[in-house]
Amino acid sequence: LAVLARKADYIPGVLWHLGSTVLSQLSEPSEMRAQLERFFTQVYAISIPERAGIGLEKVFNYIANGDFEVGYRFLTGLMHQKPFANDPALHGYAGILASVIFLDKRQKRSRIEPEEEESQSQATWMDTQKHSEAHVNDGGSVRDRKKAMTHLRKAYMLGAREEALLCLELRLLEETDDESAMETLLLKWLNSSPDSPFVKRLWYVFLTNYAVEADEPDISAAMLSLVHLDPTDQCLANAAEVYEEGDISLATLVTVLCTRLDHSPFHQDVKLWTQLADSLEENW
Numbered sequence: 032l033a034v035l036a037r038k039a040d041y042i043p044g045v046l047w048h049l050g051s052t053v054l055s056q057l058s059e060p061s062e063m064r065a066q067l068e069r070f071f072t073q074v075y076a077i078s079i080p081e082r083a084g085i086g087l088e089k090v091f092n093y094i095a096n097g098d099f100e101v102g103y104r105f106l107t108g109l110m111h112q113k114p115f116a117n118d119p120a121l122h123g124y125a126g127i128l129a130s131v132i133f134l135d136k137r138q139k140r141s142r143i144e145p146e147e148e149e150s151q152s153q154a155t156w157m158d159t160q161k162h163s164e165a166h167v168n169d170g171g172s173v174r175d176r177k178k179a180m181t182h183l184r185k186a187y188m189l190g191a192r193e194e195a196l197l198c199l200e201l202r203l204l205e206e207t208d209d210e211s212a213m214e215t216l217l218l219k220w221l222n223s224s225p226d227s228p229f230v231k232r233l234w235y236v237f238l239t240n241y242a243v244e245a246d247e248p249d250i251s252a253a254m255l256s257l258v259h260l261d262p263t264d265q266c267l268a269n270a271a272e273v274y275e276e277g278d279i280s281l282a283t284l285v286t287v288l289c290t291r292l293d294h295s296p297f298h299q300d301v302k303l304w305t306q307l308a309d310s311l312e313e314n315w
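Quick note: to get this note's numbering, add 31 to the position in the sequence shown (first position is 1).
If you're looking for bench data, these hints aren't it; they were derived computationally from the structure.
Model, not experiment: these values are computed from the prediction.
Hints are supplied without guarantee of correctness; some may be wrong.
Said to hold, decoys possible - The following label-pair restraints were derived from C-beta to C-beta distances:
no. : residue 1 : residue 2 : range
1   : Q112      : L292      : 55 to 61 Å
2   : T263      : K177      : 35 to 41 Å
3   : N240      : D261      : 29 to 35 Å
4   : D300      : N96       : 48 to 54 Å
5   : D300      : L260      : 46 to 52 Å
6   : V101      : T263      : 40 to 46 Å
7   : F297      : Q112      : 50 to 56 Å
8   : N96       : V243      : 41 to 47 Å
Every residue gets a Cβ at the ideal spot worked out from N, C-alpha and C, and that includes glycine.
Using the sequences plus the hints, can you model the full thing?
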C-alpha cells in the first residue's frame, strides 16, 4: 500500500483496498461499515490530513458511525469551498461514498420478502406508482448512481488515475447491465494506458464474461496482449477451457501455454505441459 501511495499523485494507493475487497464483496452492512472505517482511517493517515483539516475528520467520523449519507452531504458541502472544489482526492472519496450508498441500498432492496412482492402486485396502479417512486428513492436510485459516476469521472478528469476508481465505476455499470458503457469506459482506459496489465486483464474479463457479441479474434487478441505483458496473470490459467468453448484459436492457446512455460515460475508446471501436449496431439 505504501508503494502504491507513493505512485499516486492525489488518490492514495490504499484505495485499491476498497476497490478490491469492500466493493467486490459487499456483505452485511455492519461488516461493510467496519471495513470502511478501517479504510478511511488509513486514507486519512496516509493522504491529506492537513489539506482538508477538521472538515474531513468530521466526514470520517460520520462514516465510522455508519452515517454514509450524512457523511456524503458533509463532504460535498466541504467541496464547495474554494480550496477543495477541484481536488481529485475529494472527488474520489465522494465517488466511493456515493457508490457505497447506492450499492448498499440495492443490496437491501434485493431482500424484499416474497409476501411483500405479492402484495405489491395486487395494489392499484396509483399505489404501485407511489411505491415504485419510494423504492427508487430508497433502493439504490438512479440519482445515487449518477452522483457516484459524476464524482468518479471528475476525479479522473482532474488527474486521478487510480485503478480502484475504474473497478468501482465498472461495478456500478455492472449493476445496471450497461454493457455498452462498460465497453466505452474500458476502451478509454486501454487508449490511455496501453501497457497496463491491469487494464488488459479487465478488458479480457469483460470480453469473456460480459460482451455478448465478442468474437474469437477479439478474445484471442486480448489474451495474447495480456500474456505478453504478464505471463503470470491468473486470468490465463483457464486458457485451455476457453479454447474448448471455442472462444480462442488453437494458435492462441499454444502461444499462451508456451509463453507461460517460458516464464520461470512455470518451467516445471506439469499441468501446463499436459495441456500443451494434449492440444498438439489432438489437433496437429
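To see whether the hints hold, each was checked on the structure:
no. : hint                    : result
1   : Q112 - L292: 55 to 61 Å : holds, 57 Å
2   : T263 - K177: 35 to 41 Å : holds, 38 Å
3   : N240 - D261: 29 to 35 Å : violated, 19 Å
4   : D300 - N96: 48 to 54 Å  : holds, 50 Å
5   : D300 - L260: 46 to 52 Å : violated, 19 Å
6   : V101 - T263: 40 to 46 Å : holds, 44 Å
7   : F297 - Q112: 50 to 56 Å : holds, 54 Å
8   : N96 - V243: 41 to 47 Å  : holds, 43 Å
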